[in-house]
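*Asks:* One-letter residues, chain by chain:
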Amino acid sequence: GNSVTQMEGPVTLSEEAFLTINCTYTATGYPSLFWYVQYPGEGLQLLLKATKADDKGSNKGFEATYRKETTSFHLEKGSVQVSDSAVYFCALRHSGTYKYIFGTGTRLKVLA
Amino acid sequence: DAGVIQSPRHEVTEMGQEVTLRCKPISGHDYLFWYRQTMMRGLELLIYFNNNVPIDDSGMPEDRFSAKMPNASFSTLKIQPSEPRDSAVYFCASSLSAGGGYNEQFFGPGTRLTVL
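Chains as they are written, first to last, in our numbering: chain A, 1 to 112; chain B, 1 to 116.
Isolated chain A, as found in the complex (with noise of 0.2 Å):
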């Protein structure tokens, strides 16, 4: 079945350092990809989405590019701020269908 795999948290980065946080997928043909974020004490919100191989997603920094050859999303950040502090979720969207699947999540703590 479709499922989402992420790095584990929590992930600790001093301000302006660069992040990555993997995420890769498996999933039978083409399904959209996304990273959501939340923020403490809030709901999801979409941070940025790639909708077809070789897309590269963009958001207040955050860059994240649909690799179909090794079925990842990897969003990275060239460098972080202390209110980039959240928890990140990758998750995917087969097509033909409106259910999402999240990943289980990686909180980032930025340190000033």
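By construction, these hints were calculated from the structure, which means they are not laboratory data. Treat the hints loosely; a few may be bogus.
What the hints assert, rightly or not - DSS-like cross-link-like pairs, simulated, lysine-lysine; straight-line CA separation at most 30 Å: (1) Lys-68/A to Lys-56/A; (2) Lys-109/A to Lys-60/A; (3) Lys-78/B to Lys-99/A; (4) Lys-24/B to Lys-60/A; (5) Lys-78/B to Lys-24/B; (6) Lys-68/B to Lys-78/B; (7) Lys-99/A to Lys-60/A; (8) Lys-68/B to Lys-24/B; (9) Lys-68/A to Lys-99/A; (10) Lys-52/A to Lys-68/A; (11) Lys-24/B to Lys-99/A; (12) Lys-99/A to Lys-68/B.
Said to hold, decoys possible - Where chain A lies over chain B, by a calculated footprint (3+ residues, C-beta under 8 Å): (13) 45-59; (14) 82-95; (15) 103-115.
In this text, a Cβ means the ideal position worked out from N, Cα and C, and glycines have one as well.
Please arrange chain B on chain A, whose structure you already have, making use of the hints.
*Replies:* Only chain B this time, still in chain A's reference frame:
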């Protein structure tokens, strides 16, 4: 738009009591999703509706859980009787299917349920 609205934001109840969580989706959205989030199990999809009709309830843990969507602007998730292991944050989300695209899900702020 006010976004997805959930109530209450916090609920503390005793084991055996009935709990009702409420959700108002974004106006015009035709899909509604209920999720449960715990430290142990992460984010789990419980049930989702399309045009007020339940499409997939395979994630509902057991018969103690039930969900309804009587109209396009309101849904409830009921737990009866509640148990301590039901303690979690429950999220409601909605999305719009029309117009193609990627069908972003918009999440409410969640209801934190504590069953003593």
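*Asks:* For every hint, state whether the structure bears it out.
*Replies:* Taking the hints in turn, this is what the structure says about them:
no., hint, in the structure
1, Lys-68/A to Lys-56/A, "holds, 12 Å"
2, Lys-109/A to Lys-60/A, "holds, 17 Å"
3, Lys-78/B to Lys-99/A, "holds, 21 Å"
4, Lys-24/B to Lys-60/A, "holds, 29 Å"
5, Lys-78/B to Lys-24/B, "holds, 15 Å"
6, Lys-68/B to Lys-78/B, "holds, 8 Å"
7, Lys-99/A to Lys-60/A, "holds, 26 Å"
8, Lys-68/B to Lys-24/B, "holds, 12 Å"
9, Lys-68/A to Lys-99/A, "holds, 20 Å"
10, Lys-52/A to Lys-68/A, "holds, 9 Å"
11, Lys-24/B to Lys-99/A, "holds, 19 Å"
12, Lys-99/A to Lys-68/B, "holds, 18 Å"
13, 45-59, "holds (count 4)"
14, 82-95, "holds (count 3)"
15, 103-115, "holds (count 8)"
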